[in-house]
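S.K.: Each chain, written out:
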Amino acid sequence: MNDNHPLSELDLSMTRRQLFGRTALGLGTASLAHLFQGSSSLIANEASKAGQDLNGGIHHKATAKRVIYLFMSGGPSHHDLWDYKPKLKEKYGKQLPSNIRDGQRVTGMTANQRQGFPIAPSKYKFTRQENNDRGVYVSELLPYTAKVAKELCVVHSTFTEAINHDPAITYIQTGSQVPGRPSLGAWLSYGLGTMNENLPSYVVMHARSRFPEQSLFNRLWGTGFMPSDHQGILLRSQGDPVLYLSNPKGVRSEDRREQLDLLKMINEGHHEKYQDPEVLARIKQHEMAYRMQTSVPELMNIKDEGPETFKLYGEEAKQPGTFAACCLNARRLAERGVRNIQIFHRGWDAHGNLPREHESQSKDVDRGSYALIQDLKNRGMLEDTLVIWGGEFGRTTYCQGGLSKQNYGRDHHPRCFSVWMAGGGVKPGITYGQTDDYAYNIAHPDGAPMFPQPNKENKWTPGTMHIHDLNATVLHLLGIDHRRLTYRYQGRDFRLTDIHGHVIQDLIL
Amino acid sequence: MKFTCVRHLSILVLGCIYISSSTLRAERPINFAQEVLPILSDRCFVCHGPDTKKKNLVRLDSYEEAIRDLGGYRAIDPKNLGESELIARIFSEDDPMPPKDAERQLTEYEKDLLKKWVAQGGKYARHWAYELPKKQTLPKIQGQKLQPIDAYVLEQLNKQKAGFAPEADRATLARRVAFVLTGLPPEPAQLEAFLKDNSDKAYSNLVEQLLASPRFGEHQARYWLDAIRYGDTHGLHLDNKRGIYPYRDWVIYALNNNLPLDQFIEWQLAGDLLPNPNLQQRVATGFVRMNPSTSEGGVIPAEFQAKNNFDRTENLGTVLLGMSLICARCHTHKYDPITQKEYYELLAFFNSTSERPLDGNSYTYGPVMKAPSRLQDWMELNNAEQHLEYLLTQAHKLAEGPKQQKILDEAKKRAQLKLHDFKLTQSVDGKAALPQADAFSQLKGLPGKVKQKLEPKGKALWLSFKVKAALKQSFTFTFSGSSKSEVIFSGIKLTQPLSSVPGNNHLQKVSLLVDKGEHEIQVKLVSDKKDVPLELSFKNPWSSLVNKKSWLALSKEEKLALLKEEYGPLAELKAHSSISGLQQKMKDIEGRFTTTLITTELKKPRVTKVLQRGEYHLPVGDVLEPNIPKLFGEFPKGQPRNRLGLARWLTSRENPLVSRVLVNRIWSRVYGEALVRTPEEFGLQGQHPTHPELLDWLAVELQDSKWNLKHMLRLMVHSKTFKQSSKFRTDVRDPENLLYSRGPSYRMDAEVLRDLALWGSELLEAEAGGEGVKPYQPGGMWSALSHPASNTKKYVRDKGKKLYKRSIYVYWKRTSPHPMMTLFDAPSRETSCVRRSRTNTPLQSLGLFNETQRIEMSRKFAERLVKSSKDNNERLNVLFKLVACRTPNDLERAGCNKLIEFMIKRYSNSKEEALALLKTGEVPRDEKLDPVEVAAWSQLVTTILASDVALLLY
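For the protein sequence lines, the chains are A and B, in the order given.
Each residue of the first sequence is one higher than the one before, counting from 1 in the working numbering.
Each residue of the second sequence is one higher than the one before, counting from 1 in the working numbering.
These aren't lab readings, by the way, just hints derived from the structure by calculation.
Quantities reported herein were computed from a predicted structural model and do not represent experimental measurements.
A few of these clues could be false.
[What the hints assert, rightly or not] With a straight-line cut-off of 20 Å between C-alpha atoms, the simulated EDC-like cross-links for lysine to aspartate or glutamate are:
hint, chain 1, residue 1, chain 2, residue 2
1, B, K720, B, E736
2, A, K264, B, E673
3, A, K456, B, D890
4, B, K334, A, D506
5, B, K468, B, D429
6, A, K249, B, D101
7, A, K273, B, D731
8, B, K403, B, E385
9, A, K273, B, D890
10, B, K423, B, E520
11, A, K456, B, D101
12, A, K273, B, E736
13, B, K116, B, D77
14, A, K273, B, E167
15, B, K54, A, E457
16, A, K249, B, E933
17, A, K459, A, D506
18, B, K53, B, E35
19, A, K273, B, D169
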């Protein structure tokens, strides 16, 4: 059967929507979509696989049932947080050698700066933390996170091509530098469906920052050309946690029950008359909304958390909107079966006064990130929960603006940056990839700068992690083959990773 | 759960394979374009298509390539079809094609189909959408005289042994057609009149009223704005405000006026390149400026020059050609015959517009021009212009008619009006009266400007001169001096205050009516400033006619100046006073003008080259001229190689796609789904039309009707196909309505749902157009995302009537549109959307029941009901008639009464809660009404407005 021929499908007695609608639990719509695009063998294959226990995955067994993505928007400085370069101290103020920069495209902000490219070594102390490998150096800015070093898989060799925020953040979240594509979260919602009928499958939070310097966009959790029901639902710290959740003044839950009963009766009458199956689908959504009016406040009510919770997350977690509070929410969401949780923390774009800004930013996120990992571990959930921490790019070795030993700024840097993952089937307590002495380029194990090149299979040099590879790996851990999770639009089967991306097997248990 | 649904699937799949193979059993000619090409495209072209680079690799995208000798074998061997390599490989066990690890495999059915196709000769044909549409002979259906739409639809239905569904009842039909055409229900009186009218004309009268409604354009424009990604902000990074809403208003205005769609497109794409473009044509070019733009610190202008161009080219592809061109940006298209070079040739049409690549985060990201700031002004301006045109035509007839010579003779006499005998006093006290005659001495150099300066600081000069006229006529002179100056005409002081020339309060303009003969004028020249030179000028409008000798040779301004003369040979037209009025009106409107982004052309176009991998810094190869892809033939001869030429080609009969693509989208607005179910893709990877001949017939009809949108809509809404009941049928299997075996049925768009409630509650504001409005929105939605430097960081909601304007006017911040829009599937407008998704989510339910404006609308709606009657049943009738065009059935009535009873009881026990509910939103409650009753009814209205009776088109 060929899918270009609409009339040849007449024999299907249900609409695709109905069909997909029935599978809201467990199996996502994506694997079913294959049925209408692929061959019969694929269908058979898919069907038999779905019969096995794939732990929520759709193409292979998932090691992660859910993902919590801590997104550091603006581009955290790998120099000052994760990528320890003690030798740089001696090079303070010296010009970055041109062979290191190697014609790198530089943003318009520092391309013509009069002082050139003076090296700004990090002012922060790094301490070696034991892990399950050679150990990992962590900056004094992240004292709490350092405590869970044994759980982290720190990738020093992440890279991207985009050098400005809007394109870069759109790229890492949607696989394309220009707007229009579904976000990572939307792909997961499309692929995996939901495990909780009373909560959305994809939840996004914005954590407070003192320096909310860069913009976010709906598109980062939007669906692009995909149906909009896969978009991220904002869990807000101001007003209703979910938009329009609470009843207006003068309306009680009992009133709503009565209203919904009438609504159901009228809709069923409409269905009886017109037999449109969509009507029944909508009745269900009204009921789910009603349940959410209970389940979301219950979710947000942290009074049931014991003192040990706040010992772990800190008192800050009691203030809605803090990063710690978002992390606690994330754990509560994860417990309730929400598979796909993202926290955006803005303010990492430190062009000047990096120490002042990064100290504040680190303080915002450090304890919450640590507590989340520790909490998940304590509850036995870390093994099937993938936690990711990272931004859209790194920052330059050289200083932007005034340089002193105590103060400096750094421009955007796409060539290397650090991202960590934990849990969900990722190897705990390892580091992956390294950078050169300047933390400017990804390096070979011997420290020589490496310029990643795609090979014949479009695979980047081993030891590196392009952002498409990161996304491919994330999907893999969730039981999805990034090459097979497709959505057809304008005649093309689109993927999160476009035509790129390879799973980094070295990171996986 | 998982298990059952999977099992269910396999049954379905087996079902369709079974049916498909049964259709193949009989040997029938294989239709290459419809059946084979899509398979080749989808499974083979990735490696064996237009982008095949290796010379020895077979290409399957043309017959010539497929039969090429590959060293003893051919993919298709025309001399020995059985030996064709293509067939051998697809059935090969050891070395199959597609390879075993390929993502897309052939089904057995498809292999079989390919085999049969090769056996039948393996002949190629062009993809259907690249052939020009033609009107075929209409299908003949026994005993029935059908309009073409119905003939084609019924032909398919008959093949399934089915006919049309019965017609929907009249009230439902009225509701349906009103929503389809205007996005609102029929007005109660309109509905009443329609239902009472049993004549044949009843329906077409209703349709004509709807087509003529100003609401028509507001509704139809939405689809276009989605497609061309209209937004009120720049869309990237800071996402600052952008001044372009006059363009949006123009679209509405143009659609209301039924501007032919070919011109609609031409003006938008190239209005600036038309000879002497008018305001509309220039404002329309805002279309080209609709791409999201940025000024992020650190971005490289050349990069965004390229990105903006990509965006425009690809938008053109989606919106007008129905083709995804994005592949060809980086490499030759994998499926459709478009090379990378051709992509850049098409892009070259846009690479010569004059705006900077970065927007400077500016509201007036130039080029901009001044344009009307509300729809009313577009209309009034147009009326004024038409009125002027009318007067000019009348004048033309007169001036070029039998009286021509007489007019010229009179003009000559009037042109002789002369000012002479200029005299001036010395400086005198400003308060002094007219000096004696001997205080004046002769002055040379007037009319004109002389060295003499005016006297400031309470002093004055007196000027005297004579005017000599051959006939009674008006004349106007201008002199330097403040408005405190005085004019004495024939010994009488003018009492009306002097009027300054705009922009210069030291130039006064005086108009006088003079009789035949000589008259004396004295002017007291007063000045507030030093160093103002003495000057006096006058213009005699008649001189232009005398000099140019013919009315035809005059400019428009010169003609209007003559028409404004109260006396003279043209006075019989009685135009003088209306022209002044019209010009004043136009001046007032212009005073309200705002800026809008437009397009202009650089004198020297930028250099366009292929960009390797689509990277802005990797231009390669020769300089490219603007051109259309070869697939469409030659660029039309005699047309300029610019956007205008492009627009003319797009809307010419030589273009196979544009009319099909447009008519397909028009169809989907009427019938709920498009004939080509992938309206964004007509290329090889798109779906075939459900009714190919019908699509072509409509496409040609659009051209034949001179691109008349209202004509096309009229045809569609008058079809039997449209009028069918939308009840799902059991006698024909058509769940997705591919056969159009029933009327449309779907959840209506976000805007329609809001407008319906505004309308029902009588809150809907009639004023059309204007700056985007900001209704209620939960706090913090913009600030949570926005850059601190963004001027859209803070959402300041509007007050008063702006809260109640139609939803098309809701402010569109592209990185965060209004949540009640996006919850119901409105796109972000960062990219083109020609088909909205229609989802059902719990968040929609929350929005319908809890959002501030929904509650506000419900309670005003409730007041309307409470005021309409004392009787509950009567109130329910009004409510249902408004939202569903019918009265409630017994079950519904009982249910509603039960809810009302419950609510009355509940609010009687807690009046404060009733009052709290009635405080939601800005409009005050009607204090004369019982709050308990209104609150109860408000709860009912909320429920009904959230029910499918209101949400759906049916």
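S.K.: What are the numbers of the hints that this structure violates, sorted from low to high?
M.R.: Hints 2, 3, 4, 5, 6, 8, 18 contradicted; others consistent.
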